[in-house]
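Now for the letters of each chain:
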Amino acid sequence: MADQAPSIDAEIQALKDEFAFLGDWTERYQYIMDMGKQMPAFPCEKQDEAHKFHGCQSQVWFDYEWDGDRLDLRGTSDAMIVNGLIALLFRVYSGRTADEILATDGAFIDELGLSAHLSANRATGLSNMIEKIRQLAAERAAA
Amino acid sequence: MTDDGRTQPFDVESIRAQFPALDQQVHGKPLVYLDNAATTQKPQVVIDTIREFYERDNANIHRGVHTLSARASERFENARARIARSLNAESEREIVFVRGVTEAINLLAHSLSDDWQAGDEVILSELEHHANIVPWLMVGQRKGIVIRTIPVNDRGDLELDALPGLITDKTRLIAVNHVSNALGTVNPVARIAETAQAHGIPVLVDGAQGLPHGPVDVQALGCNFYACSSHKVFGPSGVGALYARGDWLDRLPPFLGGGDMIEEVRFDGVRFAPPPSKFEAGTPNIEGAIGFGAALEWADGLDWLAIERHEAALLQRMTEGLAEIPGLRLVGQAAHKVPVVSFLIDGAHPHDIGTLLDSMGIAVRTGHHCAMPLMQCVEAPAGTARASAAFYNTLDEIDQFVAAVARVRDMLV
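Just so you know, the protein sequences line up as chains A and B, in that order. Residue numbers for the first sequence follow the numbering used here, so the first one is 1 and each next one is one higher. Residue numbers for the second sequence follow the numbering used here, so the first one is 1001 and each next one is one higher.
Everything labelled a hint here was simulated from the structure, so no lab data went into it. It cannot be assumed that every hint is accurate.
Every beta carbon over 10 Å from chain A, so not counted as near; a handful from chain B, in silico [said to hold, decoys possible]:
id, residue
1, H1130
2, A1348
3, M1411
4, L1412
Coverage of chain A stretches by chain B, computed from C-beta distances (three or more under 8 Å per stretch; other residues unrestricted) [said to hold, decoys possible]:
id, stretch
5, 18-28
6, 93-103
Taking beta-carbon pairs under 8 Å as the criterion, some of the chain B residues facing chain A (in silico) [claimed, not checked]:
id, residue
7, Q1024
8, Q1025
9, N1106
10, H1110
Beta carbons are placed, not taken as given, at the ideal position from N, Cα and C, and that holds for glycine.
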């Protein structure tokens, strides 16, 4: 093990606990946006068409790199809530192995209550990104 | 009206009580519904009318000899007559049922352009909704039609002085909205029609946002065509009306072909029914048309002078409240507006504004409002946040909205 990062399941449980602690959705969005602000900056020169992640209402850029057997994810959005949602996804999926990623589908988005509270467009954007991440893992596992 | 002719104060609470959807909580907060330019909520009388139609009178119209069909046909045609009266059309024969403004304009784009030639011109305005842009672009692609536009100024008013210079001997139509969905500007449609008439050019008015804010008199406006959507005016979705003055419907070729729009069909020819049937192919949205009629009948019974004052107060409260928030830019401050306010906050994405307001129970619209060319004109490429009030909104709701926007601004900036 490269570090002592919590397992995916522990990370999802931590998110659920944090969400439960927050009183309402305004506070949850504040928390989501704060997670986004703590993400490493996404380089300006990569905010181009090649790195654009389509299928979102706001602009989203996405990049990845395999660090040994672990998938490093980077991304950003011009909308702060979307940026925060990207950070939330990366908390779950970034730095994980292909097997770990493939073992975790997007059910936690429902369990966090996000599907019910996000607009349909945003919920679709979120599941498209999970699909993309899992597809990268599947390609790696098949290679 | 009282005996001395003065209107009573507007009793907004008794109006609200007729709208069941307004009385609910979202995300644990009381709903403040300020997305009325997208669609309006429905009064109980409209909901009941549609339910009762299905419970008692449901049948297909115009072709049955049985009692239910006769009842349904009568109610459908009564709705047409009600719409004609509400718009002050001369005759119900001038009213075609359509799915909404979008279909009405597609119908006209198809049928009016039948005899147009390459190089012919249509004048639109920069304030238009995509529904009054895209059908003309499609005609343009098919026939080589040129689109010209009346410019909008920084305040969101049309630069009407530019209109005479846009008119040429190739101008076939002027098509503008009555009220801008994105900015709330009330356009000087009667003046546009007067100019057009002097040149013998027909005028189409997209009335989607006009009818919800006051009675419309198509004869006073002087337009040749007026299109409206039921769902914007407290009626059901999926139905609307196209008004076409005088003999226009006789002169135009049909749009869609099928049942109900014919007199005789043989494999070597077809004779069309007289208008408006000629433009109503297939089984229409029967309960929708009847619900639309019920909505207009209900609206016609309201005190519109009092409503006008109430809506002006809502607009003033929104405008003044938002103007005090640092970094907030109001987009569109035309002299004559309905209670619709588009705005931006420096450093904040409109979608974030909308999502955070939703978490506080407040429904607004964010984005380009189906008016991408206008968003470029007003330098808001990512769109705006838009609050659009109806007469059932209260000043207290506006205060809640303004306070929520101030809080959202603090969260995002």
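Taking the hints in turn, this is what the structure says about them:
For B:H1130, the shortest C-beta to C-beta distance to chain A comes to about 16 Å, beyond the 10 Å cut-off, and the non-interface label holds. With a least beta-carbon separation of about 8 Å from chain A, B:A1348 fails to lie farther than 10 Å from that chain, contradicting its non-interface assignment. Interface exclusion of B:M1411 from chain A breaks down, the closest Cβ pair being 6 Å apart, not more than 10 Å. For B:L1412, the requirement that its beta carbon stay farther than 10 Å from each beta carbon of chain A is not met, with the minimum near 6 Å.
Against chain B, the stretch 18-28 of chain A contributes 4 residues with a C-beta closer than 8 Å to a partner C-beta. That satisfies the three-residue criterion, and the hint holds. Only residues whose C-beta sits within less than 8 Å of a C-beta in chain B count toward coverage, and the stretch 93-103 of chain A has 0 of them, not enough to reach three; the restraint is violated. Checking B:Q1024 against chain A: minimum C-beta separation of about 16 Å lies over 8 Å; hint violated. Nearest Cβ of chain A to the Cβ of B:Q1025: about 12 Å, over the 8 Å cut. The hint is violated.
Taking 8 Å as the C-beta contact cut-off toward chain A, the hint placing B:N1106 at the interface is violated, the least distance being around 25 Å. Proximity of B:H1110 to chain A is violated relative to the hint, the smallest CB-CB distance being about 31 Å (cut-off 8 Å).
The structure is inconsistent with the numbered hints 2, 3, 4, 6, 7, 8, 9, 10, although it conforms to all the rest.
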